[in-house]
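Engineer: What follows is each chain in one-letter form.
Number of protein chains: 2
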Amino acid sequence: MPLKLYLAGPEVFLKDARSVLDAKAQLTRAYGFEPVKPGDIFIAPAPTPREFGLRISSVDEHMMNSADGIIANLTPFRGIAADVGTAFELGYMCAQGKIACAYTNVADSHFDRAMRHYEGSVSKDENGRWRGPDGISIEDVEMIDNLMLHGGVVRRSGLVAVHAAAPDALYSDLTAFEQCLKFIAERP
Amino acid sequence: MPLKLYLAGPEVFLKDARSVLDAKAQLTRAYGFEPVKPGDIFIAPAPTPREFGLRISSVDEHMMNSADGIIANLTPFRGIAADVGTAFELGYMCAQGKIACAYTNVADSHFDRAMRHYEGSVSKDENGRWRGPDGISIEDVEMIDNLMLHGGVVRRSGLVAVHAAAPDALYSDLTAFEQCLKFIAERP
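Order-wise, the sequence lines are chains A and B.
Throughout the first sequence, residue numbering follows full-length UniProt numbering, covering 1 to 188 in sequence.
Throughout the second sequence, residue numbering follows full-length UniProt numbering, covering 1 to 188 in sequence.
Worth double-checking, as some hints may not be accurate.
Note that identical chains are pooled: a pair holds if it fits in a single copy or bridges any two copies.
No more than 20 Å apart at the CA atoms, straight line, and that leaves these computed lysine to any residue pairs for SDA-like [to be verified]:
1. K15 to G132
2. K182 to A30
3. K15 to G128
4. K4 to A23
Keep in mind that the hints were calculated from the coordinates and are not lab data.
So here's chain A without its partners, still in its complex pose (with noise of 0.2 Å):
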């Protein structure tokens, strides 16, 4: 039996979404794996836009339940940090115990993000710590997002993969995506 591996990340929302999850799926096959995703299963329309939203949750956490493993595109979308129903899902499959790697399209961490976020108005603290003019702190240890997705991952001895990606390819490139696929085909 092949691994399953849970295909997360905001592709999902792309006009493209269905060729690039397709280009993942075929990726994801090429080393051996099965893939599973959001949109493999069709979800029948629900009376209110809300129930549809729930019955997609449960498919999704459902595939999850399934899986072996996750690689979750970390890539900024719509602002500075990764999507926050990916980071959801990371966190799921982490709390289970899985196989958990990462990828990112864009190579500054999230600190870099954060600081141009403020553009230039950030001062340490008396700590030295970096702190934007709203007073908030930007985390500053080397990854490329939160630490708790970061460290989630690198914790379970999984890879965090990073490429800098054309703007125009930033959800569809796949150059990560692949080394994250390379890295569990070659685990021990």
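For this one, chain A is given, so just place chain B on it according to the hints.
Structural biologist: Using the frame of chain A, we list chain B on its own:
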């Protein structure tokens, strides 16, 4: 033995983090629960910032493993979505089948905030789905954030509390947080 509740949220990054976290802990005890939260345990300095980050990740996961439930502060953080660390933690606790409640101090829905993010430059695609000029679709399922977060709580019979806090009390207003405590205290 009182129920242990993990208090997740971006308030750890505030300048007055200690006082906000202390106020949350005090209120949690007033409802008969034992609070556990980031910052409760001293974390020894590490050789590198990255190693220090990994230690925090480990300590926070251990605290979650020891807790019976989570109250996640999903108030938008540095952008239009929840803090990704908190999203990870909510997913982590949902996977463990623990009590899960969440709140936000911003009354606008995820849809409202995403629409504003694009400053009106949105249009409906051929399937009637709203998309930004970047082609990225806007989830419209009447939830406070990504459906995995809101749906994960609701499907576990948890409360998602919403309160419009004053801008200068965005992370310190405990009205909605207290609604979660009350909800958990009154569970059948």
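Engineer: Find the hints from earlier in the document that the structure breaks and name them by number, from lowest to highest.
Structural biologist: none
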